[in-house]
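The primary structure of each chain is shown beneath.
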Amino acid sequence: MSNGEHVRWEELELFALGAMPEDEAAAVRAHVSGCEECAAQLAQARGQAALLAFTAKQERPAGTVKAELMARVRANREAEQRNAWPAKLASGRANEVRRQLPETSGAWWKWVLVPVAAALAVVSFALSWQNRRITAELEREHKAAEALIHDHERIEKLVGVLAAPDTVTVKLAGVGDAAKSSGMVKFNAKAGIVLYTAELPELPASKSYQMWLVPANGAPISAGLMGPGGNAWGNMWTAEVAANTQAKAFAVTVEPVGGMAQPTGPKVLLGAM
Amino acid sequence: MTPQSTPGETTTDWSLLARIGQRDEEALSALYDRYGGLVFSEAKRILRDSGAAEEILQDLFFQVWRTAERFDPAKGSLAGWLLVAARHRAISKLRQKSGSSEELDENSVSLDLNIESHTTQKLLLDKVRNVMGSLPENQREALECSYFEGMSHTEIAKKTGEPLGTVKTRIRSAMETLKKVFR
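Those sequence lines, one after another, are chains A and B.
Quick note: the first sequence uses the working numbering, first residue 1, plus one each step.
Quick note: the second sequence uses the working numbering, first residue 274, plus one each step.
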């Protein structure tokens with residue numbers, strides 16, 4: 001495998017490319033983990049092999065992937081902020097008490113200062129707790145006000161879409177086991193707004209109905225769920241898709257709760273534009 | 274307050290990473306716009322499944338969000354890492370391996386090429402395709418079997434019925450030609 005102590009460049013290339021059988025690859029991995037020089041060479045070989053990625057046909061992922069990623073990131077950031085608060089409070093209070101203690105050990109007045117510092121820490125903690133409670137209350141109020149404004153804007157937008165002359169109505173007919181079911185979609189391509197309603201049989205708790213916009217070109221685009229996780233407005237469901245998406249049909253399928261990126265379950269409703 | 278780039282400023286990967294380290298969502302969004310298509314296309318080429326490729330894409334960028342501070346501009350290439358890590362995960366999925374067995378260190382890929390804009394990416398794309406197009410069919414096939422299907426040279430030899438030594442030589446010759454991209 002090796003020339004002297006190091007792995008040969010040709011072997012690193014094979015390893016980086018993934019062309020080395022597992023037993024030989026394991027030996028290279030073991031050597032590289034302890035050899036900075038070979039690790040640096042392997043990094044170069046990996047970069048060279050990565051060029052092959054450019055030979056793949058270039059395609060764009062669905063827009064929902066980025067939206068889901070950013071929602072995941074936001075939730076992670078909020079969780080980090082929530083967890084950072086008590087830790088900062090605790091370490092800040094401990095440092096404060098430490099700073100107040102004199103350097104000399106064994107001094108008689110330490111016995112007076114320590115209880116005083118402890119009492120101060122208790123008072124400080126109580127005040128901090130109260131402050132945090134008030135801040136949380138204000139934050140809740142602020143969020144509620146924001147939600148009201150957001151709801152108002154959303155309702156105005158949806159009413160506008162229902163009244164718009166370029167909003168089209170698509171009737172959905174039941175297929176397969178749901179032949180007796182029906183539904184209706186109101187779609188405004190310019191605004192990218194989909195409103196819909198349907199009469200469908202009850203599903204088990206593990207399943208959801210999911211609406212799909214079938215574009216003129218490309219894979220179906222999710223237009224939301226009819227149930228938990230979906231956006232309800234009165235007796236209708238709503239969803240937003242990219243503005244100016246050209247639809248050729250709408251369909252409803254049965255999917256696992258939470259929905260799927262692409263349809264996987266049976267089709268229950270279908271309507272062409 | 275999060276730092277913002279001024280209009281017209283060329284935002285490097287590393288300045289985006291520094292902002293991601295400060296929890297700047299816009300920086301992650303910009304990084305996704307820069308490399309999301311490349312990573313997705315590579316994973317889809319391997320898995321031939323958009324949903325599975327999108328899952329890898331999202332997980333990779335979420336990892337960048339969580340571990341931005343581990344990337345070191347002096348040691349590795351972010352773009353290179355994204356491509357190599359996407360391949361690792363896609364091949365693991367393709368071959369039903371457990372994906373966590375070999376996590377790729379954030380600074381273990383070096384790529385001495387600047388692909389921070391879509392223009393430079395397009396130029397490199399053309400260059401790589403030209404070089405690959407100049408390879409004999411059997412060399413190109415051997416490279417693609419390894420990179421996109423995760424096949425070892427032994428497996429390629431078995432598949433093609435060629436001697437192992439011939440397959441190794443083809444791969445090495447092809448890799449030698451691929452170096453032209455860096456010149």
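These are calculated hints, taken from the structure and not from any lab test.
These numbers come from a predicted model, not from an experiment.
Treat the hints with caution; some may be incorrect.
[Claimed, not checked] For lysine-lysine, the following PhoX-like pairs were computed, each having C-alpha atoms within a straight-line distance of at most 20 Å:
#	chain 1	residue 1	chain 2	residue 2
1	A	K57	B	K395
2	A	K143	A	K171
3	A	K57	B	K400
4	B	K395	B	K431
How the hints compare with the structure:
Of the pairs offered as hints, the one joining A/K57 and B/K395 holds, with about 12 Å between alpha carbons and a cut-off of 20 Å not exceeded. At most 20 Å may separate the alpha-carbon atoms for a hinted pair to count; A/K143 and A/K171 exceed this at roughly 38 Å. With a C-alpha separation of about 14 Å, the suggested pair A/K57 and B/K400 falls inside the 20 Å cut-off, and the hint holds. Taking the CA atoms of B/K395 and B/K431, the gap is about 36 Å. The hint is violated against a cut of 20 Å.
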